[in-house]
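Residue numbers (the working numbering), protein chains in the order written: chain V, 1 to 611; chain Z, 1001 to 1338.
FYI, nobody ran anything at the bench for these hints, they're computed from the structure.
Glycine residues also receive a C-beta, built at the ideal position from the N, C-alpha and C atoms.
Incorrect hints may appear among the rest.
[What the hints assert, rightly or not] So the derived list for chain V, only partly shown, Cβ under 8 Å to chain Z, looks like this:
#1 I160
#2 V161
#3 Y234
#4 R235
#5 G261
#6 L286
#7 S418
#8 V464
[To be verified] Cβ pair distances, simulated, as ranges:
#9 V:K192 with Z:D1326: 25 to 35 Å
#10 V:S321 with Z:G1277: 38 to 48 Å
#11 V:T436 with Z:V1337: 18 to 28 Å
#12 V:Q287 with Z:M1001: 19 to 29 Å
#13 Z:V1144 with V:S321: 31 to 41 Å
#14 V:Y229 with Z:D1326: 38 to 48 Å
#15 Z:T1314 with V:I505: 19 to 29 Å
#16 V:E185 with Z:V1337: 44 to 54 Å
#17 Z:M1001 with V:S476: 49 to 59 Å
#18 Z:T1321 with V:R484: 22 to 32 Å
#19 V:Q287 with Z:E1273: 43 to 53 Å
#20 V:Q287 with Z:V1144: 49 to 59 Å
#21 Z:T1321 with V:D112: 49 to 59 Å
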Amino acid sequence: MQHKVIDTKEVVVRFTGDSGDGMQLTGTLFADASALFGNDISTFPDFPAEIRAPQGTVSGVSGFQVNIGSGEIKTPGDYCDVLVAMNPAALRSNAKWTKSSSTIILDSDTFDEKGITKAGFKTSDPITELKIEDRNIIFAAITSLTKESLKDSGLDPKMIVRSKNMFTLGMCYYMFNRPMNFTFEYIEKKFKKNPALVDANKKVLQDGYNYAGNIHAIPNTYTIQPAKYEKGLYRNINGNQATAWGLLAASEKSGRPLFCGSYPITPATSILEELAKHKELNAKTLQCEDEIAGICTSIGAAYAGSFAVTTTSGPGLSLKSEALGLAMITELPLVIVDVQRGGPSTGIPTKTEQTDLNQALYGRNGECPIAVIAAHSPSHCFDAAFYSGKFAMEHMMPVMLLTEGFLGNGSEPWKIPSMSDYPEINPPVIEKAEETPYWPFKRDEERLARRWALPGTVGLEHRVGGLEKNNDGTVSSDPIVHERMVAERAEKVARLANYIPDQTIMGEESGDVLVVGWGGTYGHLYTAVKELQAEGKKVSLTHFDYIFPLPKNTADVFSNFKKILVCELNSGQFANYLRTQHQQFQYHQCNKVQGQPFIVKEIVDAVNAIL
Amino acid sequence: MKYTPQDFKSNQEVKWCPGCGDHAILASVQRSMPEICEALNYTKERFVFVSGIGCSSRFPYYMETYGFHGIHGRASAIATGVKVANPTLTVWQVTGDGDALAIGGNHFIHAVRRNIDINIILFNNQIYGLTKGQYSPTSKLGMVTKTSPYGTVEHPFNPGALVLGSRGTFFARSLDVELKLTQDIMVESAKHDGTAVTEVLVNCVIFNDKTHFNLVDREFRADRTIVLKHGEPMIFGKERDKGLVLDGIKLKVVKIGENGITEKDILVHDAKEENPGLHSMLIDMKFPEYPVALGVIRAVKDSTYDDNVRDQLTEVRSKSTIKTMDDLLKSGATWEVK
């Protein structure tokens, strides 16, 4: 067979296997190596909720997709060019994601009768059964080759078998002409206390690389030139890390030490884990006994003068609802991060959705409006978290930051910003008040923010609480006072619209269809609209980061298009919200509630259907 | 600075029912404040009173200090956040039997387990007062209330046992009517490093009147309670003629001068003993078999959560090469595009 080197702009690789096969690590290492090589990347980990589901079954399959390119990459890709399937179950559940021109690498050792049956195939020939005979199928005896490679390593047999993901990774490095030095460095660092493991992992990686070069089964290798980036220092970042860092950045800019009370919950946990690492930046984290304690310790910390945050996902947000009302009525700064996942109830916890929007907007007792901000890409989580903190502290109110499992776990290259590029944060902390006694709920005229008098300050002793009160802080159930305070608190949130940027349009400012999105669908909507624009269609995109309040020019943006198509990963929550905010427009909808991101084609089809 | 109790009285009208035991506790706490400031060199602005929901939880409004009236059951969590955020503050939590032991049970036991340096005053009236008379987790088995018209069918908590079970380092008990004792305990509580829980048996004049009558009436209070003091023999009674001894693995009430018992045979209270065995027996003593134990029953030393947080922070900060956000942004794997 003639070996070809294909120079390509974009390649999608999907690593799949049992939950214990190390596919998340393999995918992450491959993605990082590609990013460090200079490609643009976007990743999508897709894994089951079970840590180790029954081996060899479809329910235990874990996947990691990465899109690498020399140009702009905004999504992890719809269908893959290369699928790695470590067992028959992985092939069975992922074959549908392969392009007809794709290469599929299979571990032949797992394709015995037992494995094939366990995966639920009806025949002994999975390839024919799945109708994927036209793909370039490579059966490689990965398990036995790994055993052979490490037979003299001194590792126990279990450890040896666990190293087969490194063999696979080596094969992929060959196929995509990736340099291996970054991964060697990773291995050296990770196993620095165990030289035998360092040698073994490096050897099996190299053997995999050599094997792929030696066999003639691989018809072509790919080169993907580095993407054309702006000059600067870059790093790879996932959404949850970016959220954590954005919060730390807001803490530094405000001079208020960060406090995070939280409780582990998929897929938000890694924000707490990341913050827990950064005590050097004066961040305090408290892993609480439950979600309610997570927010309540944070409210206490906010009262005492910290920049307080709490991180969670949908079910946790439900538990925090009552305390959110407390933060709102005591008018304390607090950022609540909801990394959305599939619901209701426990739902599909490791899968992505945008189904908490209603809960974020309305999920509290009484009149309790809370500002809502959404992140639109993994790296944008940094800015979204930073500004959530800025607005919470400067406007003295809780701010809800919505991200998604897709963003939290997904990663992309990020040009490292300098903190000097970010604005100051000036919380209204006071040392003295003109009035005696101090009025805790006296407001400034522009923002309607109250002042932040911290316990420990002489002469500003005061009480706050969940009961309705007058501006001087005295408890009051007077009907007129209550109505006025409700109105003042609502107006404070509404006035945030004076401080957020105008809504922008990607494409022409008028046309046939305006695609409207919010949050983590940005990459897919952007790619779809670019495609449609390239075909000459009059389609533009406007994507919302600021959900409540909406940017002031929202109606102006909408008014110049014949049709508006709201695309979101729920049954129409943002569309319905827009119907309450801007009733003069008609909103078409494109919805998906499968626990999966959009694929670009779905958006393109939905636009074409109304064009 | 010299303070008087008056300095700790806010301008708010106290709205508890006339005759409610809460008034007495408020007075005891306000009286203890100048003494605490004197003993520990505190100033008034460092005090934060945190509460949940219930009659007792109105307490912060009546103190001329910083205060936070939270939501039902969550005071321990709010107080924890205040203390961890600013360990120089002296944090006091006021709570009731429903607030701390029913809806807030989880936060209560975890605050005690962490040994965070807060002072918890638990007003135990064995009833839900603010919702007008339903049984609580400390109501006696069989008690008739609005939600148990035929008597409760559940066993009550003993708050002190719960504190010990959560590896508590400080537990004290008082009666609302024992103003001076409560005041003294508050001072001990303030001096204790770690979570200090004081249970005050309090009367609800409207919904559970005289629930502690067996203990509080002057006629027999001295014979039915024992005020424990560290280092002193466990002697009680109007005539100071009764005491506690160990009989096998149980406590036993004896009369001094009878059956050859002398004062030397009486147990000496050791609140600082780490082993909770004897403290547990003292906490469990019930009338009529035993006198009910009052005073500081347990006060042992252990590291506190807030100190541990501070020490870890200091250590990490001194060792880390990352000093600013810009350092962090550039740390780890990065690449330069030229």
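Do the hints match the structure? See the list:
Because the smallest distance between the Cβ of I160 (chain V) and any Cβ of chain Z comes to about 28 Å, over 8 Å, the interface hint for this residue is violated. For V161 (chain V), the interface hint is violated, since its Cβ never comes within 8 Å of a Cβ in chain Z; the closest pair sits about 29 Å apart. Interface hint status for Y234 (chain V): upheld, as the beta-carbon distance to the closest one in chain Z is roughly 5 Å, under 8 Å. At its closest, the beta carbon of R235 (chain V) sits 5 Å from a beta carbon of chain Z; the interface hint therefore holds under the 8 Å criterion.
The beta carbon of G261 (chain V) is positioned within 8 Å of a beta carbon in chain Z (closest approach about 6 Å), and the interface hint is therefore held. At its closest, the beta carbon of L286 (chain V) sits 6 Å from a beta carbon of chain Z; the interface hint therefore holds under the 8 Å criterion. Hint status for S418 (chain V) relative to chain Z: holds, with the closest Cβ pair at about 6 Å, below 8 Å. Interface hint status for V464 (chain V): upheld, as the beta-carbon distance to the closest one in chain Z is roughly 6 Å, under 8 Å.
Remark: the range hint 25 to 35 Å for K192 (chain V) to D1326 (chain Z) is upheld by a beta-carbon distance near 27 Å. Distance hint check for S321 (chain V) and G1277 (chain Z): the Cβ-Cβ separation is about 43 Å, which falls inside the suggested range of 38 to 48 Å. Between T436 (chain V) and V1337 (chain Z) the Cβ separation comes to about 59 Å, which falls outside the hinted range of 18 to 28 Å. Remark: the range hint 19 to 29 Å for Q287 (chain V) to M1001 (chain Z) is contradicted by a beta-carbon distance near 39 Å.
Here the CB-CB span from V1144 (chain Z) to S321 (chain V) is close to 35 Å, well matched to the stated 31 to 41 Å. Look at Y229 (chain V) against D1326 (chain Z): about 20 Å separates their beta carbons, and that is not inside 38 to 48 Å. One distance hint, 19 to 29 Å for the beta-carbon pair T1314 (chain Z) and I505 (chain V), is violated here, with the actual separation near 51 Å. Evaluation of the 44 to 54 Å hint for E185 (chain V) and V1337 (chain Z) yields a failure: the beta carbon distance comes to about 20 Å.
At roughly 33 Å, the beta-carbon separation of M1001 (chain Z) and S476 (chain V) lies outside the given 49 to 59 Å, and the hint is violated. Between T1321 (chain Z) and R484 (chain V) the beta carbons are some 53 Å apart, a value that contradicts the proposed interval 22 to 32 Å. At roughly 31 Å, the beta carbons of Q287 (chain V) and E1273 (chain Z) sit outside the given window of 43 to 53 Å. For the pair Q287 (chain V) and V1144 (chain Z), the beta carbons lie near 43 Å from each other, so the given range of 49 to 59 Å is not met.
Checked against the hint of 49 to 59 Å, the C-beta distance between T1321 (chain Z) and D112 (chain V) comes to roughly 52 Å, which is consistent with it.
When each numbered hint is compared with the structure, violations occur for hints 1, 2, 11, 12, 14, 15, 16, 17, 18, 19 and 20.
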